[in-house]
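Order-wise, the sequence lines are chains A and B.
If you're matching positions, the first sequence starts at 1 in my numbering and goes up one per residue.
If you're matching positions, the second sequence starts at 1001 in my numbering and goes up one per residue.
One or more of the hints may lead you astray.
[Stated by the list, open to error] Partner residues are not named here, just some residues of chain B that face chain A (Cβ under 7 Å, in silico): (1) P1136; (2) G1137; (3) K1139.
Think of the hints as simulated: they come from the structure by calculation, not from any bench.
Computed from a predicted model, the values in this text were never measured in an experiment.
Note that beta-carbon positions come from the ideal geometry of N, C-alpha and C, so glycine has one too.
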Amino acid sequence: MLIKLTSGTVYDPASGIDGQQQDIYIRDGRIIDKPADAVVDKEYDLKGKVVMSGAIDMHTHIGGGKGNIARTLLPEDHRQDPVHRSDITRSGCGHAMPSTFVTGYRYAEMGYTAGFEPAVLPNNARQAHMEMGDIPILDKGGYVMLGSDDYLLRLLTAKKDQKAINDYVAWTMAGAKAIGVKVVNPGGINAFKFNQRKLDLDEQNSHYGVTPREILKVLATAVKEIGVAHPLHVHGCNLGVPGNVQTTLDTIQGIGGLPMHLTHIQFHSYGTEGDFKFSSGAAQIAEAINRNKNITIDVGQILFGQTVTASGDNMRQHANHKHASPNKWVTMDIECDAGCGVVPFKYKDQNFVNALQWAIGLETFLLVNDPWRIFLTTDHPNGAPFTSYPHLIRLLMDRSFRNEVLSTIHPEAQKMTTLASIEREYTLQEIAIMTRAGAARLIGLKDRGGLSAGNWADITVYTDNTDRQKMFEKPDYVFKDGQLVVVDGKVVSTKWGTTHVVTPDFDPSVEKGLKDYFDRYMTMKLGNFKISDDEITEDGRGSISVHPLTGDVA
Amino acid sequence: MSALTLTLKQQPTQRVDMSPLVCQHLAELSLSEIGALVLQSGKSLLRVNELFSIEGSDTQDIIINNSVDTLDFIGKDLESGRITVNGDAGAYLAFGMKAGDIKVSGNVGLYAACEMKKGYLEVSGNAGDFLGAALPGNKMGMKGGTILVKGNVGERAGDHMRRGNILIEGNAGDYCGSRMTAGTIAVMGQTGRYLGYAMRRGTLLLWNQPNLSASFNDCGAHTLSFLPILFASFKTLNSRFADASEAFNRVQRYAGDMSEMGQGEVLVKL
Chain A
1 MLIKLTSGTV
11 YDPASGIDGQ
21 QQDIYIRDGR
31 IIDKPADAVV
41 DKEYDLKGKV
51 VMSGAIDMHT
61 HIGGGKGNIA
71 RTLLPEDHRQ
81 DPVHRSDITR
91 SGCGHAMPST
101 FVTGYRYAEM
111 GYTAGFEPAV
121 LPNNARQAHM
131 EMGDIPILDK
141 GGYVMLGSDD
151 YLLRLLTAKK
161 DQKAINDYVA
171 WTMAGAKAIG
181 VKVVNPGGIN
191 AFKFNQRKLD
201 LDEQNSHYGV
211 TPREILKVLA
221 TAVKEIGVAH
231 PLHVHGCNLG
241 VPGNVQTTLD
251 TIQGIGGLPM
261 HLTHIQFHSY
271 GTEGDFKFSS
281 GAAQIAEAIN
291 RNKNITIDVG
301 QILFGQTVTA
311 SGDNMRQHAN
321 HKHASPNKWV
331 TMDIECDAGC
341 GVVPFKYKDQ
351 NFVNALQWAI
361 GLETFLLVND
371 PWRIFLTTDH
381 PNGAPFTSYP
391 HLIRLLMDRS
401 FRNEVLSTIH
411 PEAQKMTTLA
421 SIEREYTLQE
431 IAIMTRAGAA
441 RLIGLKDRGG
451 LSAGNWADIT
461 VYTDNTDRQK
471 MFEKPDYVFK
481 DGQLVVVDGK
491 VVSTKWGTTH
501 VVTPDFDPSV
511 EKGLKDYFDR
521 YMTMKLGNFK
531 ISDDEITEDG
541 RGSISVHPLT
551 GDVA
Chain B
1001 MSALTLTLKQ
1011 QPTQRVDMSP
1021 LVCQHLAELS
1031 LSEIGALVLQ
1041 SGKSLLRVNE
1051 LFSIEGSDTQ
1061 DIIINNSVDT
1071 LDFIGKDLES
1081 GRITVNGDAG
1091 AYLAFGMKAG
1101 DIKVSGNVGL
1111 YAACEMKKGY
1121 LEVSGNAGDF
1131 LGAALPGNKM
1141 GMKGGTILVK
1151 GNVGERAGDH
1161 MRRGNILIEG
1171 NAGDYCGSRM
1181 TAGTIAVMGQ
1191 TGRYLGYAMR
1201 RGTLLLWNQP
1211 NLSASFNDCG
1221 AHTLSFLPIL
1231 FASFKTLNSR
1241 FADASEAFNR
1251 VQRYAGDMSE
1261 MGQGEVLVKL
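From just these sequences and the hints, can you work out the full model?
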């Protein structure tokens, strides 16, 4: 079947196309060059419509244990937002942490075709993949979480060489079917278990004597040497602590030029100036990002309203539990791997701190120059549910709307932000970079995020509208692998996305030490830890897409 | 004007969600419109006039005859008026009730008066578990009003209760008054295990010595002058609580739950 999308205005930063009128041809799920003489089976007239590839959320908590803890903790989140089944879609519920099916439908209805779970605990990777396997339409993948696991800290304490670390990281990635590596509060989750309640970049874990700086360095090196395209994905130290802007700047400095992705940086950009000892560090952060080309970031924008924060950072979640709204929370230990903290949150525009957090996120978006190195996220659901992306896009693209909202927030917060003076408005091309081409490149997806021939046909079509929120809320068409899945912002058919992974090589002898460790300390045997391809594909709907490592011949 | 009377024709095979049939929703409707309303019953929808024969016209005074324990959500969010249930009621009776009067002649199911805000509920039979409690996961149960149960109640009566009175003429099950933040629960009969489990504040007023957990401290015998005032406020009730011979002002006082805030009290008649 040959599909032709005729005369749409195409924004495809991956091939440098910025708003040119073009035809796109789709056959067998992929975009192809104009065929010589083939008959077009189905044509869509897209004259005047905006065409982009399907959006990719490169940091969204859509799978893994903490989501289920959040769901269990907040039954009211489900009761207040029921979704009925239709002939083609399943029922579900949830505003802040929707059920799997609803997650897939709602993402697709906004023009998203892929989402990446950033905190896959090695031990819980199977559950995370099974859960993501229940999310329809979207492609998915996960970054495996290391850095507070006892095994790595033992390797570091024993002064093992980088090769041993690389083998362990590669083995874990392969076993957990990951496409990246994430570190959360490096070593801090572990330090929490030894009764430390904070851990600065150069502070030693009281048991292992390892500092976060060493952990970051060794993991960033491992990721680079293994050849994983996605740089080490870092949730830094001191999340949410006033004054942490210095920690973040030190982290950037300390990585010594290695590729590093700093995630939800908004939560790591706080100063201590002003009457309330809380101020914006966005300008300093943005300057550092602009200067250090090895650094990429996503923002983790907060937006006002009820949500739930779910994080592996049990140290910081424990510290924040007194802000829980409604007043209930969970922090837990997860074997020797890491921890987990779930704290429901209601961000209020009349709360000084929340209002300034909102402004800090937007300042960061607007002050970082290179859209290829900054990504649009709310750290779903931590800053806001992903369904608020169209609103966020409008804030970025429409200065008068932004200033209108700014004028309604806490007056002291208005005084503490330079937002009103920032004139920048994002262009459609820049949005396409942040949410498509840039994200695909960052994760290392070889055939997604672009509209040139050879790419999978993940395509979103919008009606241009000066109200960008309305525009991005309701795409005219969304194609996933060439199948029309959404019309006018409603799912019209469903399919199953693939799971993106990398398969790095490692020295098989790495399992010798690990087997003993698993036998002694873990609830799972080493053989059961490793997820086989069959587990993802055997139900006939999942599939695995392996992406190249740098250095591979594509 | 005579009361709007709904008489159940036969026992429904599935549970029925009765929440549309409250006074404020019916105020502007004619009898035929009321008959045409649909109720969720299991997977299907039933018309009101399939299930009930309808008589009378006063939508602010509803009588449900032949009621059975599969009729759920009777009086949900009731804002005014009166509902009289002849027979039993299912789960979630008077759920979130804001004002008005509900009386049931028989027994009622789980979660009666769940998160009730105000008004008066009277049950002549027994009540199930979680009387006046919060929905699972929610932090606030009953916030006001009065519940009178002439029979026994199940477990967890007043779980997460915030304000108001629960008056029980019979016995209460285990965990009575668990996780209470405030309010009053009075039990004339026996109470079960784990009385006042994790209660923060509030009062449990008992006629019989309970089996208390170790986390309640005996504070000695007291003569409390507020008790006669409390009993006086029950004078108008159709209940043994209105009977002057049941009143007392001399109690043994226990404070707890000490594993929580410990500002709750259990007062036992001496």
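Now for the hints, and whether the structure bears them out:
Interface restraint check: P1136 (chain B) against chain A, minimum CB-CB distance 6 Å, threshold 7 Å, status holds. Hint status for G1137 (chain B): holds, given a least beta-carbon distance of 4 Å to chain A, under 7 Å. At its closest, the beta carbon of K1139 (chain B) sits 6 Å from a beta carbon of chain A; the interface hint therefore holds under the 7 Å criterion.
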